[in-house]
Each structure stands twice: as C-alpha cells, then as structure tokens.
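Start counting the sequence shown at 0; every next residue gets the next number (numbering that gives the first Met the number 0).
Since the hints were derived computationally from the structure, they do not count as laboratory data. Be careful, since some hints might not be right.
Said to hold, decoys possible - Computed cross-link-like contacts, BS3-like style, restricted to lysine-lysine with a CA-CA straight-line distance of at most 25 Å:
1) 528 - 760
2) 476 - 489
3) 476 - 721
4) 721 - 493
5) 489 - 464
6) 446 - 464
7) 469 - 413
8) 493 - 464
9) 366 - 49
10) 92 - 344
11) 536 - 697
12) 536 - 760
13) 536 - 614
14) 413 - 223
15) 464 - 721
16) 469 - 489
17) 464 - 445
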Amino acid sequence: MPINNQHILSLVYAVKEINRNPEILPNISLGFHISNSYIDARMIYLNTLKLLSSQEKTFPNYSCEKQNMLPVVIGESDSENSLLIANILITYKIPQVGYDAGNKIPYFYRMVPGEAQQFHGIVHLLLHFQWTWVGIVVTNSDKGEKVMATMLPMFSQNGICAAFTGRIQPLIDLVHIVHLTQHIQSMTYFLQNITTNVVVMYSDTQTMWSFKNMLQLGEISLGKVWIITAHWDFGSPTFLKKMAIEIFHGALSFAIQINEVSGFQPFLELLNVHWPKEDDISKFVWEKECLIPYFNMHQENKKKCVWDGSVENLPKSFFQISMTGQSYSIYNSVYAIAHVLHNVKSSRFRLKPTTDRVEFLNLEPWKLHHFLSRISFNNSVGDHVSFNENGELRSGYDITNLIGFPNKSYLNIKVGRIDSEASPSKPFVPPSAVCNENCRPGYSRKKQEGKPFCCYDCIPCPAGKISDQKDMDDCFKCPEDHYPNRHQDKCLPKRLNFLNYDEALGISLALSACSFALLATAVLGIFIKHRNTPIVKANNRDLSYLLLISLLLCFLSSLLFIGRPGELICPLRQIAFAIIFSVAISCVLAKTITVVLAFMATKPGSTIKKWVGKKMSNYIVLFSSLIQIGICISWLYIGCPYPNMDMISLTEEIILECNKGSAVMFYCILSYLGSLAIVSFIVAFLARKLPNSFNEAKFITFSMLVFCNVWISFVPTYLSSKGKYMVAVEIFALLSSSAGLLGCIFLPKCYIIVLRPELNKKDHLTRKYKGCKNLF
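Based on the sequences and whatever the hints tell you, model everything.
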C-alpha cells in the first residue's frame, strides 16, 4: 500500500538523519532490514525467524556472519500482528518497539499513548455532545472482545447506553467467497438497521479494509456520526475509492499527537524513481509495490513503474507528503533505539576503546531493556519521548474532524485534544462550538437582548477593573496595592509615591531651602556684626535676631517634608512648622506694635510710654507662641499625625504620606497662623505712614501682604494636589512666605548697612519723615 511507503520512508529518513548526527552514534552507522508481513500469520512467523538467522537460510540460533547485530525490532502497525512477532521475540528477550499491541507484553514498548486515555476521551466526547444512545463496532478478535469489555462498563457508569454492539470480521479471515458473501449479507442487514446516529468504531487496519468493502458492496449510505480510534488510517488509497469517504464525512477521529518534522517534506520532494542505483530504497518503494498505474500514470507493464515525476506531484489522496501519526511513531522508534545504543555505549560499563566497537556490535539484546525502559530524550522537533511504567509513550491524542469532498479528497481538521498531563477525570479538551467568539481577557460578557443566553457581546472592562480569563461574566478589581495594565487583562504592582531626594523635584526644593537658609544666616551675621548701628538698634535688635533665627529654622524645617514619612518625622514636621512660623509672625506682630506704641508715646501727656520697651515685645512673642504650642499639644493628644499609605487617590501609585490625624486641629493651627498674619497686616498697614525714617511698618505691610497671598493661594492648590506634589506645594508655600518676610523686612536694612553706610547715622534717625520718604 502506498501509505505504507511513507512508513518506510520515515524510517529511512530517521536513519539517515541519525547517521549524519555525530553526537548520537559517533563512528557507528545505524542500519536496518525491512520485511513484509503480507498480513499473513505464516509469513509473519517466517520473516521473524529469518531475522534470527543468516540472511540466506532460515536456521534460528545459527549465524555464520561476524557482524549480525539485531538489537531491536520495530513491529507492525497492527496489534494482532505485533503479538505474533512478540511470541517469538519474547523467547530471545529481544525488545520490540511497535505502534500498537494488545495486552501488556514483556519486552514490548508502545510508541503510542495508552489506550486508557483514548477510552476516557471517547466517554468525555460523548458526554460533551450529550450523546447517550450510541452503537459500538469492534473487530472480531480477542482484542476486540477486550475492548468491548472495557468500554461497556465505562459507558454504563457515565450514563451512556449501547444501542447495539457489532463485530466485523477481518478481510484476511474471509478466504472463501462463501464466507465473504455470508458475512457481507449479515453485516449489511445489521448496518442498515442501526437505530442510533452515533457509532463508536474500534478496529485495526485489516478490519478497516473489510468494513470499507462491506459499505461499498452493500451500497450502504448511513449518514451517521462516526467516532473512530487512532488505529484507522484514512490515507490508504484503497479506502478512498467510490463512496467510502462520503460515508465517513464529519467523523471524529483520534490521532497521535505529532509535530511537523521540518526536513521530511523536502526529503520526500527530492524522492523519485531516479535515485542512485546503489540506493535500494527507490526500487523497494516504487517498483516492488508501486500502485501508481492505478492513478492513470504511464506504464509499460504491470510490474514496473515508468513515472518520471516526484512525490510532490502525486495526488494527496494517494500519497501524503506531511508525516502521518503512524509514520511519526516509526520516526520516534528509530530515534529511541539510537538513543538507547548511545546510552549503552556511553555507560560506565563500556569496555576499553580498543575492543569497544567489536563488543558493541555483538551486544546481547536483553541488555538493552534496562536502558530502553528508562529512555528519556527530546527528538529533533522538541517532543519529549519516554515510556511510562506500562511501556507506553507519555503523550496524548489529537481529535480531528474528517471533511470529505466529491473528488474523493479529504481534509482532517484538528478540533480538540486529550492532554496527557490532565487529570483522568477530565482529559478531553472539547472543540469550539459557541454562538460567537470568546471574549478575550480585558473584556466581559454582556447578554444580547432577545437572544439565547449563550449569545453575548464582549464589552471592555470599566476603568479600574480587569478580566484575566476568557469569557468572564464580569470584571473585577485588582487588589489595593495593584492596578490594571493598559489592556486590562492583568494587575501590576503599584509604585511608591513620595517626595524623595533622588528625584529632580526633591533635589531642587532641598537646594532652594538650603540657599534661603544660607541667606538668612548671612543676614543674621550682618546684623550681629553691625549690632551697634542706629538702624539695627532702632528696630528692636533682639526681635530682629529672634525673627532671623525663626526664619532660618523655617527654611531648614522644609527639609523634614522631603523623604519617606516615618513615625517620628510625621509629627515633627507639622509641629515644627506650626511653632516656628508662630514665633516668626509673633515677632513681626511685636515689631509692628512696638512701632505704633513708640509713636504714640511721643505725644505730650501720653500714658503709653510705660508700655514701650523690650518687655512688651517679649510678652507679645511669648504669649502668641504659647497659644500655638498649646494647640499643638492638644493636636498630639487628640490625633497625632502618622505615616499612612493611600492606595486609592492615584491609580498606579501608592502615596506614602503623613496623615494629619485630627483634621480639625490641623486647620486650627492654620487658622491661628492666619489670624496672627492678618492682625500683623492690619496693624502694619495702619502704621505705614508714621513719621519715622526707620519706620518698618511699610515693609512689614508689604511682607505680610506677600505672606497672606502665598497662603491664600496655597489652600486650593494644596487641596487639588495629590501625593508628592501636595508635599511640594506645602514646601513651596513655606519657602515663599519665609522668603517674603526675609526679603521685605531685612534686605532694605542690609542695603543701607552694607551699601549705604552714610544713611546709618543717628542724625538721620531724627530727621523729618518728609526728607526721607523715598529712601527705601
């Protein structure tokens, strides 16, 4: 059969590929010998005995050849024939690697998955489609009876009823025309009276031929759904004649899982009848068993093919270029044998190099079982090959759908699989049969109005939600410390958000704070150096020192707001800000009140003179600051600031912040600071035109105007910001307001002290305001 030619060519290709690979069997060439079984028990026994004899005469146990190594036999694709071969090989403990076998046979290794997987797959396939009234047809042999005894209880346990059970006689057993006619008549009547629409078919190659002929000769058109096991091969051209494919149109067939061997198709495309004469494969394949004349090719006689083309020009119904499941099993069998021989050669029991080759070629086959049972490797296409404890290949099955066409061609479409790694209770991966395409991750299902529940639309997940699987009924939110990615099909961990010294914003604010602090220190140094000059003494020298120190601390306290919030930092940054600013504004208020009282004390008969002096200003600063200190202590007692992780405000980030604790106390502090600033502004505004050359009121007025504008703008900006930008706004307001006080109050004085020392005189202090109104 031409389909068997591909089996032979897959063996040839594997041997050639291995012999070209120096890493598997270096310095050793793998060879092979092919025998035809003719589907006859006598020929199978005879050819098996020939393998154990010299090639010229059949005398088992006797060989005059020096190098006659027979390590492993690759058996038939038919289980019954494999069993016949094993009956002889078991005696010699020669391993057999085969496509199939009946029961567990000693020294037999199956290059197909276990049949238990296939039986479970059939059950789950029937349950998936809710087919519970089915027929069963098996080959009329011991194997068929065992299959029937296995499947019927499985069907019964899963609520599946067997409408009928049929047995088909292999064609090879129907040697007499009378037997053939009687069997066809009985089976024709049986098939024509099938009452179910689903039939499970278990048979080998011989039974397939017999069944096909019954369908053809009996002119039966069933219109049934066939579920066919992996033993069938639709690639046989004798099976593709007349109406056979049409009958099996729509059949669901199990097949061995395979991967495409990339080099096999080019190997076949180069194959033709003009291969070199020294290569006997061409003669064996195309001349000895050539069936090309039956496909209207040129011929001179019935025994010789004269076709000059290559296999790629053959009809696909006659010869498949893509490797079939049975050919793939043979390909893996050759590789398994090669890896076993490699392992034997590389084992720690090998002999010295001088005698290694001779001893290796005369290796006794029984020694290979230890290595063959433990074989584990990846073949050339990356599939893993190993056997389980029952000597079966660790793999699964594909489920294909047979589509037949009027020109007798066909197409097998993969619609499912049986996963070897899945649990035995659910090995079947069902085919797709849905109203519409699956909703991919990132979408959820929405029922379509007026249609059945299985019909739905796919809608994107709303903002903040994801779906990480297909066909989810609803999207869900990520954990608090995660956020959805752009496709909304997975959750990503949120980044930490806080103002840090490692980023440009944090560095720029820190440098600004340090620069202003240095400026305040310089001004303080100037005032200390010129402490005895009239302009320093006239504006309450001690209050100036205290104000400059408090401004210096204000600039430095802004550094507490940069960095990761902590248990100590959070209370400290808020309390330091509140108290230091209170002292600064209290100093400004004391300076303003001192100016007003000093002017009022110069009036004749004034009783306010006794209030003018250092004590009054000290009382104002102390009293104003103590009130703020009391509020801060209450804040710490009622609700102390603490570090907090805000996972809600920002989508992709976790905000590390200092929670204010008691919000009421926080706003009480801001309100008190605002009250002091407003009072200072009003008093300074009223005193701005008092006739005094060194009158600070106008500068205090302007400074407090800047201060109030900064903090009035701060409130809405602060409330609309989030994360580190909220902290940056707070630092900016702190630095801006402090810089406003420093610049408006002290820089004009430094200008006079440093650049205009002639104005820093006592006589200038007593001049009329009129002559000095434009000094500053």
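Given the hint that residue 92 pairs with residue 344, test it: the Cα-Cα distance must not exceed 25 Å. holds, 20 Å
Restraint check for residue 476 with residue 489, where alpha carbons must lie at most 25 Å apart: holds, 10 Å
Are residue 469 and residue 489 close enough, with their CA atoms no more than 25 Å apart? holds, 12 Å
Given the hinted pair residue 536 and residue 697, is their Cα-Cα distance within 25 Å? OK: residue 536 and residue 697 at ~18 Å, within 25 Å.
Are the Cα atoms of residue 493 and residue 464 separated by 25 Å or less? Roughly 15 Å separates the two Cα atoms, so the pair holds.
What's the verdict on residue 464 and residue 721, does the C-alpha distance respect the 25 Å limit or exceed it? holds, 22 Å
Hinted pair residue 721 and residue 493, Cα distance within 25 Å: holds, 15 Å
Holds or violated: are the alpha carbons of residue 464 and residue 445 at most 25 Å from each other? Holds, at roughly 15 Å.
25 Å limit on alpha-carbon distance, applied to hinted pair residue 489 and residue 464: Given that 25 Å is the threshold and the Cα spacing comes to 9 Å, the pair holds.
Mind checking the alpha carbons of residue 366 and residue 49 for me, to see if they're no more than 25 Å apart? It holds: about 22 Å lies between the C-alpha atoms, which stays within 25 Å.
Do the alpha carbons of residue 446 and residue 464 lie within 25 Å of each other, as the hint requires? holds, 19 Å
Please verify whether residue 536 and residue 760 have alpha carbons no more than 25 Å apart. holds, 11 Å
When the structure is compared with the earlier hints, no violation turns up for any of them.
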